[in-house]
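Q: Sequence:
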Amino acid sequence: MEQGMRAAALTSLVLFLLHCLVTQIRRVRKWRLDVQTDFEAALQRLNIDSYDFLANRNTPPGMRRPPDVYRILRDQQGRYFLYLHSGANPGVFHALTEERALLAAKLNG
Numbered sequence: 000m001e002q003g004m005r006a007a008a009l010t011s012l013v014l015f016l017l018h019c020l021v022t023q024i025r026r027v028r029k030w031r032l033d034v035q036t037d038f039e040a041a042l043q044r045l046n047i048d049s050y051d052f053l054a055n056r057n058t059p060p061g062m063r064r065p066p067d068v069y070r071i072l073r074d075q076q077g078r079y080f081l082y083l084h085s086g087a088n089p090g091v092f093h094a095l096t097e098e099r100a101l102l103a104a105k106l107n108g
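Residue numbers (numbering that gives the first Met the number 0): 0 to 108.
Think of the hints as simulated: they come from the structure by calculation, not from any bench. Some hints could be false.
Listed next, with one range per pair, are the computed distances between beta-carbon atoms [claimed, not checked]:
{"no.": "1", "residue 1": "V21", "residue 2": "Q75", "range": "16 to 26 Å"}
{"no.": "2", "residue 1": "R31", "residue 2": "L9", "range": "32 to 42 Å"}
{"no.": "3", "residue 1": "L102", "residue 2": "S49", "range": "41 to 51 Å"}
{"no.": "4", "residue 1": "Q76", "residue 2": "V13", "range": "48 to 58 Å"}
{"no.": "5", "residue 1": "L14", "residue 2": "K105", "range": "14 to 24 Å"}
{"no.": "6", "residue 1": "R99", "residue 2": "Q23", "range": "15 to 25 Å"}
{"no.": "7", "residue 1": "G61", "residue 2": "T36", "range": "15 to 25 Å"}
{"no.": "8", "residue 1": "P60", "residue 2": "Q2", "range": "15 to 25 Å"}
{"no.": "9", "residue 1": "D48", "residue 2": "F15", "range": "45 to 55 Å"}
{"no.": "10", "residue 1": "Q76", "residue 2": "L20", "range": "41 to 51 Å"}
{"no.": "11", "residue 1": "V91", "residue 2": "D48", "range": "12 to 22 Å"}
{"no.": "12", "residue 1": "L12", "residue 2": "Q35", "range": "33 to 43 Å"}
Given the structure is predicted, the values throughout are model-derived calculations rather than measurements. All C-beta atoms, glycine included, are put in the ideal place defined by N, C-alpha and C.
Assemble the whole structure, with the sequences as input and the hints as a guide.
A: Structure representation (structure tokens):
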């Protein structure tokens with residue numbers, strides 16, 4: 000009887016951990032899709048068709064840290080931008096000078 004209880008408890012624990020893992024994977028996938036959709040919409044608003052990343056840092060959501068995206072990019076016209084996306088808030092684009100963009104990319108890339 001006691002071994003049956005242990006087996007049931009172990010099975011329950013494994014199922015719970017599996018559920019937590021699947022939930023976290025789904026949460027990260029949804030977050031990445033939301034960020035990419037927001038980023039593409041922001042690019043369209045600024046009429047940016049092509050770009051190169053100078054820095055691209057993504058921190059997916061975790062149990063002990065907030066999610067964030069930090070991107071520095073150069074568009075087809077040679078303009079530099081900083082894109083920040085943190086938590087559930089929409090992303091923000093900021094224009095940068097070439098010097099600031101290159102320095103930030105060097106420090107954070």
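Q: Each hint should be assessed against the structure and marked as holding or not.
A: Hints, verified against the model:
Restraint check, V21 to Q75: a C-beta distance of roughly 41 Å breaks the suggested window 16 to 26 Å. For R31 and L9, the hinted distance range of 32 to 42 Å is satisfied, since their beta carbons lie about 33 Å from each other. Taking 41 to 51 Å as the suggested C-beta distance range, the pair L102 and S49 does not conform, at roughly 23 Å. For the pair Q76 and V13, the supplied restraint of 48 to 58 Å holds, since their beta-carbon distance comes to about 55 Å.
About 48 Å separates the C-beta atoms of L14 and K105, a value inconsistent with the hinted range of 14 to 24 Å. For R99 and Q23, the hinted distance range of 15 to 25 Å is not satisfied, since their beta carbons lie about 36 Å from each other. In this structure the hint that G61 and T36 lie 15 to 25 Å apart at CB holds, the actual value being about 21 Å. Evaluation of the 15 to 25 Å hint for P60 and Q2 yields a failure: the beta carbon distance comes to about 39 Å.
The supplied range of 45 to 55 Å is met by D48 and F15, whose beta-carbon atoms lie about 47 Å from each other. Distance hint check: the CB atoms of Q76 and L20 are about 44 Å apart, consistent with the given range 41 to 51 Å. About 20 Å separates the C-beta atoms of V91 and D48, a value consistent with the hinted range of 12 to 22 Å. Roughly 35 Å separates the CB atoms of L12 and Q35, a value that falls within the hinted 33 to 43 Å.
Checked against the numbered hints listed earlier, the structure breaks hints 1, 3, 5, 6, 8; every other hint is satisfied.
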